[in-house]
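Engineer: Residue-level listing of the chains:
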Amino acid sequence: MRVQISHKFVMGFIIVVGSSVFLNLLVPRLGVPEAWQQLVSISCALLVGLLFGWVFSKAFTANIGFLSEAAERLRLGDLSRQIRLRGTTFPDETTDLAASLNRVVETLRDLVGTIRASASKVAESAQGLSATSEEMTASSHEVSNTVEQISRGAETQAEMVERSSKLIREMAMAVDLVAAAAAKVAAAASETARTAHGGGETARATTEKMKHLLVDVESNGRQIVSFGVQVQKIGKIVEVITGIAQKTNLLALNATIEAARAGEYGRGFAVVAEEIRKLADSTGESAGEITTLIEAIREEGQQVQASMKQTLVEMDSGRSALDSTGRAFDEIIQTAVNTQTKATSIAELAQQQTDGAGKMVVAIEEIAKVVADNAAATQQVSASTQEQTASMEEMAHAAQDLALLADQLLEAVRRFQLGSERA
Amino acid sequence: MELVLLFRLADETYGLEVAQVQEIVEAPNFDYIPLAPPPFVGAINFHGSILPVIDLPGYLGFAKAERDGRVIVLPPHICILGLTVTVLGRIVPLARESLLPPGGDRQQDAYIRGVINHCGEMINLLDIPRLLASLEGNTTSI
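Chains A and B, in that order, give the protein sequences.
Counting from 449, one number per residue, gives the positions in the first sequence under this note's numbering.
Counting from 37, one number per residue, gives the positions in the second sequence under this note's numbering.
Among these hints, one or two may not hold up.
Pair by pair, the computed Cβ-Cβ distance ranges are [to be verified]:
(1) A:695 x B:173: 32 to 40 Å
(2) A:726 x B:150: 24 to 32 Å
(3) A:680 x B:38: 44 to 52 Å
Here are some chain B residues the structure puts well away from chain A; computed CB gaps all over 12 Å [unchecked claim]:
(4) 48
(5) 81
(6) 122
(7) 169
The hints are simulated quantities; they were obtained by calculation from the structure and are not laboratory data.
For glycine and all other residues, C-beta sits at the position ideal for the given N, C-alpha and C.
My request is simple: use the sequences and hints to build the entire structure.
Structural biologist: Have a look at this one:
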């Protein structure tokens, strides 16, 4: 049963007053002399008052002492024990105060525990943060190195791009030269085709002339053959003449023989026969000469015919040579036309190549721009990385500060003893 | 002076007096005489009668040579016979006084009556009677 201290004081006062009243009533009945009655009553009343006051104040003082002792412990940071007042039948405000103090201790214990755990965690986190920031610093150093490499690579790339651009320009110039050469080739092929055309025309005209000549030679050959036939006819006539001359000779011989047989009478006849024989001989000789001449003419005619045949053969071979020459000219024309076509297509291709080379130059210049942008971006990245490194270092410092703060906090809460029941 | 018909037998020049020549005829071909002895080369139609012909150069032992297309026909009172020659020549007048006797061992076989120098050419004069006698002696045995 809870009783307030003020009530306890009132109750004590009432009890003391009541006891003095009760004693005043009781003492006369006890047979105490009258003279003493007043004294005994007052003494008893005082005694009761003293007793009550002692008991009450002792209990109160003890509680207050407990409380002040607990407060002192709290001041020293000992949170390991709870405040326990002596058991009482009538708890009062001190009990409340003790309970409040206990709740304070409890709250403080929770607080300090939480602070400790949090500080430990903060310290751990700060250490982790420090380690992480160191790693990040290392990483950003690597990033910085890499960025430097990239920067150098970008320079090399820029040089390469410059060289590529130069090479492509040279290639474009070479392609222009090729195009010019192809145009010259086309012109030369055209000239060749024209010349070959003229040559073919000449060959054809020559072939025509040769054909005419061949016809003439053939008719000449026919004329010579007919001439030979005529000559052979003459030869036959000469043979007849020769035969006649031989017969005449024979007749003259026989006439001479007959004349000789006739003796003196045949003498004149013999002379005539001799003359006839001479004429026949002369005719025979002439016929022989004619035959010889005819033979010579025939041989010459045969030679002419042979040479004509040879000429015909040669002319034929010449004609076939001319034909093949014409065909060769045609082939030359064809080849020249093909060459011209190819040279033209080469020129077109070279033009396309030149265009392509120009586009490549443009693309290379764009690449160069991109490379320059890359280099600039790389520098920015480098700067950012340096900034990041600085930030990392600052962060590392801050983490160290944080760890220090956490240590200080731990140090600050270390004097709170939480006892064994709380870790 | 006497007229002599000149002809060649192989490379030798022979002569025959015109008095011993009946006629000269052309004879391109001969008719074959069956079983005729070797000197006879055939027969020809001489003015309607058959005239046997002998190979004179072959009979006199000359090497085979071309034959003239003409044949010398002997007079009928001497012999009905034709003679082939290598080449028939002309009729020339020769002086009988210039006839030289043949010399050497050929005389017996060559039937030469004598040798006449005509313009630097030696002409063997054919001995017809001896030739005919030889022929008869050689052919009657058949």
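Engineer: Determine for every hint whether it applies to the structure shown.
Structural biologist: Tested hints:
no., hint, verdict
1, A:695 x B:173: 32 to 40 Å, "holds, 37 Å"
2, A:726 x B:150: 24 to 32 Å, "holds, 28 Å"
3, A:680 x B:38: 44 to 52 Å, "holds, 45 Å"
4, 48, "holds, 20 Å"
5, 81, "holds, 16 Å"
6, 122, "holds, 16 Å"
7, 169, "holds, 24 Å"
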